[in-house]
Amino acid sequence: DVKVTQSSRYLVKRTGEKVFLECVQDMDHENMFWYRQDPGLGLRLIYFSYDVKMKEKGDIPEGYSVSREKKERFSLILESASTNQTSMYLCASSPLIGRRYNEQFFGPGTRLTVL
Amino acid sequence: GQQLNQSPQSMFIQEGEDVSMNCTSSSIFNTWLWYKQDPGEGPVLLIALYKAGELTSNGRLTAQFGITRKDSFLNISASIPSDVGIYFCAGPFSGTYKYIFGTGTRLKVLA
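As given, the protein sequences belong to chains G and U, one line each in that order. To get our numbering, take the position in the first sequence, counting from 1, and add 387. To get our numbering, take the position in the second sequence, counting from 1, and add 72.
You may find that some hints are simply not true.
[Unchecked claim] Here are the computed distance ranges between Cβ atoms for each label pair: (1) G/K405 with U/P80: 38 to 44 Å; (2) G/S454 with U/E113: 44 to 50 Å; (3) U/T96 with G/D425: 34 to 40 Å; (4) G/S454 with U/F165: 43 to 49 Å; (5) U/A150 with G/G427: 38 to 44 Å; (6) G/T392 with U/V156: 22 to 28 Å; (7) G/D438 with U/R132: 36 to 42 Å; (8) U/E89 with G/Y488: 46 to 52 Å; (9) G/E443 with U/V156: 32 to 38 Å; (10) G/P448 with U/Q86: 43 to 49 Å; (11) U/F84 with G/T500: 42 to 48 Å; (12) G/P448 with U/E87: 42 to 48 Å; (13) G/N471 with U/S92: 35 to 41 Å; (14) G/R498 with U/E87: 27 to 33 Å.
Think of the hints as simulated: they come from the structure by calculation, not from any bench. All residues carry an ideal CB built from backbone N, CA and C; glycine is no exception.
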């Protein structure tokens, strides 16, 4: 079974802090994604990566950056956290090729609160 | 961002009843995915559909890829309390890594 893990389930930070959210997948997937999920807005793509050191902006990249130094790990960085970044953050991964190449597998989520 | 339209938005049903929900788009999709999300958890993939007209089952769940490729349906038979949650459809934009997600159907099962 695919396993996607996220470093924290719950996180509370203060405005202006630098925040790191870590995601690790164990299925050797090429693609990794970061979403945020807010009531009424659904899942919105922040960034995705299709290979080590490769990244592309999603729909709402402002205020975020990402890092992919190893294939299994994709980090989301909030450079200076703000209260409007309080949200549920979801990491996902998918293979690049093969029968299941379109299937995204999600981690359990990190609920971030910025005070 | 763009979203897929799901209906109904929410459902209250009695345990043992069958459930039907659907997902529609103005664009054609080559893949439809159905997820379930429990409160405070990440979405879990239930069923993936790859071909127009395809009907796939996973236990009590059955999903169909619409012939027009612009819709998909999910049925749950003989619902049980643990079926409670939000069901999402999703699909990738053709030729991209970007996915669109449905607005979700919230299911509540009354014992």
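- [ ] Could you work out which earlier hints the structure fails to respect and list their numbers in ascending sequence?
- [x] Failing hints, ascending: 2, 3, 4, 5, 8, 11.
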